[in-house]
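Trainee: Each chain, written out:
There are 2 protein chains.
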Amino acid sequence: MRPLDSAAIIAVGSELLTPTRLDTNSLAITAALNALGIALRTKTVVGDIREDLSAAVREALARVDLVVLCGGLGPTDDDLTREAVADVLGRPLEEDAAIVDRLRARFASRRLEMPEINRRQAMVPRGAHIVANPNGTAPGLYIEEGDKIIVLLPGPPRELQPMIQGIARDRLEPRAGATRMFAGVVRTTGLSESHAEQLAHPVYKRWRAAHLPIEVTTLAAPASIDFHVTVRAGDRESGERALVASLEELRAVFGDHAYASDARGMEHVVGDLLRERGYTIAAAESCTGGLLTSRLTDVPGSSAYVERSVVVYSNAAKTALLGVPAALIEEYGAVSEPVASAMAGGIRERAGTTIGIGITGIAGPDGGTAEKPVGTVAIAVDGPWGCRVRTRVFPGGREQVKFFATQAALDDVRRALGPDRG
Amino acid sequence: MRPLDSAAIIAVGSELLTPTRLDTNSLAITAALNALGIALRTKTVVGDIREDLSAAVREALARVDLVVLCGGLGPTDDDLTREAVADVLGRPLEEDAAIVDRLRARFASRRLEMPEINRRQAMVPRGAHIVANPNGTAPGLYIEEGDKIIVLLPGPPRELQPMIQGIARDRLEPRAGATRMFAGVVRTTGLSESHAEQLAHPVYKRWRAAHLPIEVTTLAAPASIDFHVTVRAGDRESGERALVASLEELRAVFGDHAYASDARGMEHVVGDLLRERGYTIAAAESCTGGLLTSRLTDVPGSSAYVERSVVVYSNAAKTALLGVPAALIEEYGAVSEPVASAMAGGIRERAGTTIGIGITGIAGPDGGTAEKPVGTVAIAVDGPWGCRVRTRVFPGGREQVKFFATQAALDDVRRALGPDRG
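First to last, the sequence lines map onto chains H and Z. Residue numbering for the first sequence follows our numbering, beginning at 1 and increasing consecutively. Residue numbering for the second sequence follows our numbering, beginning at 1 and increasing consecutively.
Chain H on its own, in the form it takes in the complex (with noise of 0.2 Å):
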């Protein structure tokens, strides 16, 4: 038979055409699509319409060798699914018994009686295989048509994602071509989006006229470049090695401004970093209002570093908190250098750490002048190798002023972490 070469992905239900929802679903369908080497060719939103899921069925099926529906495989009217794809296949729905009898179960464990309602889920379009739900009472469907495959997947996402793994290994992996997919990242801050494709242009130029089979895409996510890399191989070491050999040219490209060649948010990188060396970190933020801290403590462990970090929003918090002289202020500011370096400082002693950091800045919308517009913050490090402190002026609206602020932040205390410091 044919490999399956591509796929196209139907998301089922009206709520996801209202302003307020996005299908996110289909983002773990396609990774693991990809990972088999699929291609996925088009995703389609479809309301709770039998005539439009029906076409869009029809449609798929003419045009791909896979086609995955997910959602509206519900016990309700509105959930039409395995109606439509009967429909289109020219099959009859039939009740299986085995479902009912594992739905019955599932209601009486938990001490209920099953619905009538719920016998509408085990209702399969004839010749489908069964595919079990242990997270849910909706069953997914996988049906070969001829050459075709149809996969149907019940929409709670903790329900879907286990559920099309086990389907991708157990069923598509074996008629899948002999390419596979093995996709990483390179995460880089304190770059443009244009700076950082032209820093990326040689390798890519290299790999074209090489002709290796590489992809990259490029995502800016808040305060990071991402580069995500695809690379194709026949087998797993020779892939794994390619992805791992791209990832280490396209990383050295960016030098000092990559932080991450895989998923790690750049809080988890310091947290790595403060860990490895036994450091211990403390902050006072003023115009980041306590985001950078709140960050460092998404980590799980972080406790082992983080001993405290005050906010210190008003003047009097700056000096009753962290000793920053009156003087200080008004002589150069609440934002400056000055008043930065005495935060970080201020901080680092009282609290006894390693690492003290102090930011202090302008988040907007007001506050701004012609000299220190909104978006400037001033941001010091202070650890054993003395005290660095650095003034930038970031784009965007207040929290993305915040947001940009943490990063830099804790890029700073990556770098004087860095191989050769620290």
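Hints were generated in silico from the structure; no laboratory data involved.
Simulated DEER-style distance windows between Cβ atoms:
hint : chain 1 : residue 1 : chain 2 : residue 2 : range
1    : Z       : Pro222    : H       : Asn135    : 18 to 28 Å
2    : H       : Glu51     : Z       : Asp170    : 26 to 36 Å
3    : Z       : Pro115    : H       : Arg241    : 34 to 44 Å
4    : H       : Pro213    : Z       : Asp78     : 13 to 23 Å
5    : Z       : Tyr332    : H       : Glu113    : 37 to 47 Å
6    : Z       : His195    : H       : Ala132    : 23 to 33 Å
For clarity, every value in this text was computed on a predicted model and none was experimentally measured. Virtual Cβ for every residue (Gly too), placed ideally from N, Cα, C.
Since chain H is already given, all that's left is putting chain Z on it; use the hints.
Mentor: Chain Z alone, transformed into the frame defined by chain H:
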């Protein structure tokens, strides 16, 4: 001519078919169309493949009155939306001299010469109306084909969003039916989704029995169950009146659990209450790691009421910065109501604020016990009315427990400041 009733959105770009990116442009387009009473029937994401794109346009035109495409209007060979639409309509692409002039002027204003490649952006299907793009190089296109309409929008959100607003107002409004849609939201917290639905059920029943044209979509946001209400009406005045009435009716059944009848987040609701009363606030955070204060300071102008906060991860910091007696921690444990109360009282006294908050808990994944499992959080609010403290157990992982705890703390402040109190 028959009024516009149904629409489809097609988002164009291979990057939108990767496991890391979602089409989000469709949300703004959906909101603009829904406001005109135009229902979205499907949305589709298509890669930069001419045949897939043509197939999607052809299929959508056969089903709906209005097809909105976004993306694929750039200057490169990958940008195929113009070509695909011209194909389907059987119209030639012709260079529009006015667009070329505008592009040249745009580049000239930045002292650049227009690259020859950008001429592609001046190619339009014969008969298309040009829609100016003040924020970028690609103009939008508006095409009538018999009773049907096709709109082409550039992909960057800051170019697309004002353009769809303008097209909706100037061109689609006159073609829409008499019915308009008016949208609002009631936000609740402290209720499970099923409990909230149960409370809302009698209201839905009443609306259905009275044949009122009101629709509700429930959205479970983090620590907030939101009821998005849409009302259909023939004119603005009766539509807005009906919307306000239905929001009030829905809000009433949730009682104190409803915290907003608009899109404001909890931190904005609390900020508005503090500002109205001229109150100030300070927080002592342990397990939330600064996230509470970060949320409070996400609100522009929050420096009027946020004085300071401390993040006291270590017991030593709790004693040094808040005066929590070591013996109290010893006797009850760091995660306990007496310690939360002492933290709230300690920060209130030291900061000299109207309100003090103390939060201590176990965010996980480690540190839980049989008596105090992961997710256990004690929250105290100290104010002129005395100190109120309460222990809750939140579900989920570390970041979710942190967020739930900040939402509950803000909600406790909101309730303390409610209309009859504070």
